[in-house]
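**Student:** Take the sequences, apply the hints, and build the full model.
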Amino acid sequence: MSEHHDGPQSHSGPAHSGMDDARLDYYARLTQALEDLLVAKGVCTRREVQQEMDRMDARTPAGGARVVARAWSDAGFKARLLADPMTALKELGFSLPDTTPRLAVVENTHRVHHLVVCTLCSCYPRMLLGRPPDWYKSLAYRSRAVTDPRGVMREFGLELSEGVEVRVLDSTADLRYLVLPHRPAGTQGMTEAQLAKLVTRDSMIGVTEPLHSEPARAG
Amino acid sequence: MPRVHDRGGWPSEELINRIEHQLADWERRIDALNVVLGEKGLRSTDEHRRAMESLPPQQYESLTYYQRWAAGLELLLLEKGVLTREEIDRQMAELERHERQGIG
Chain A
300 MSEHHDGPQS HSGPAHSGMD DARLDYYARL TQALEDLLVA KGVCTRREVQ
350 QEMDRMDART PAGGARVVAR AWSDAGFKAR LLADPMTALK ELGFSLPDTT
400 PRLAVVENTH RVHHLVVCTL CSCYPRMLLG RPPDWYKSLA YRSRAVTDPR
450 GVMREFGLEL SEGVEVRVLD STADLRYLVL PHRPAGTQGM TEAQLAKLVT
500 RDSMIGVTEP LHSEPARAG
Chain B
7 MPRVHDRGGW PSEELINRIE HQLADWERRI DALNVVLGEK GLRSTDEHRR
57 AMESLPPQQY ESLTYYQRWA AGLELLLLEK GVLTREEIDR QMAELERHER
107 QGIG
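If you read the sequences in order, they're chains A and B.
Taking the numbering used here, the leading residue of the first sequence gets 300, the next gets one more, and so forth.
Taking the numbering used here, the leading residue of the second sequence gets 7, the next gets one more, and so forth.
Since the hints were made in silico from the structure, they are not lab data.
Treat the hints with care, as some may be off.
[As the list claims (entries may be wrong)] Just a few of them, taken from the derived set where beta-carbon distance is under 7 Å, the chain A residues facing chain B: (1) Glu334; (2) Val338; (3) Cys343; (4) Glu347; (5) Phe376; (6) Arg379; (7) Pro432; (8) Lys436; (9) Tyr440.
[Stated by the list, open to error] Below, in silico cross-link-like pairs of lysine-lysine (DSS-like), each with a Cα-Cα straight-line distance of 30 Å or less: (10) B/Lys86 with A/Lys389; (11) A/Lys377 with A/Lys496; (12) A/Lys377 with B/Lys86.
All of these numbers come straight from a predicted model, not from anything done at the bench.
Ideal placement from N, C-alpha and C gives every residue a C-beta, glycine not left out.
**Tutor:** In structure tokens form, the structure reads like this:
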């Protein structure tokens, strides 16, 4: 029975809509089967898996935004962050287990703009941004961030002038990148908490710039 | 031509689909399971990626992200002898039976 091994075949594309339920159920079931067997064999416990799910849920782009806002407010911290990010993050109270991949922080300026991709899969600074968004993992982004970075940024609403040099950084299992966006003009006098609200997830990937003023409250 | 996973610079004019879906429980679970096994030294990010890359190219392209993760982890655990084909098939059949009886 090769069907068990390869999973049910389907002609639907990678989009989530229109996928047949059978295939959806198959991989949900496979995940459950793997966990059940690993637990039964004593390889891991359900508690460990649940705790990791909770830990992942708790990590959001607010972590990265806090780091960026501090760097905008404190030149000494910014210098330390660029030189030795892991040590600087510990200063802010981030707990980073030994298994955490290395991190590089790259600064966007008026002259240079960095864009982060993982062409091989989906490596991402999860410790600061949480799980990567769907589009970051998409085949289209993985190929076009390299061939057409300006076009990709345009799709996200960012039109860079020709004079700005674009550097595309390809993440690996061992080295992740966080973009330190350029601080928007007219934000002098803002507190760190106010600044952090300007720092969007996408601006720390490099597909957009930070907001220029606080987002209006809904309603 | 690079292999199917090596997407950097592939010719593509496909627009970026920016719609983000809410993760299902099993997607959060397969993600966490990978990290837990990594902490136990049973799986590294490179090994897991290599396993996903050994899926048939058509399957690599048609599966969703976390489906690829589940298929890759299954392959890796089989290769390492942590689980056997028979064990997985048996557990899959068991779960399917439970689902059909509405006790899953």
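**Student:** Hint by hint, which ones does this structure get wrong, listed from lowest number up?
**Tutor:** 2, 5, 6, 10 and 12
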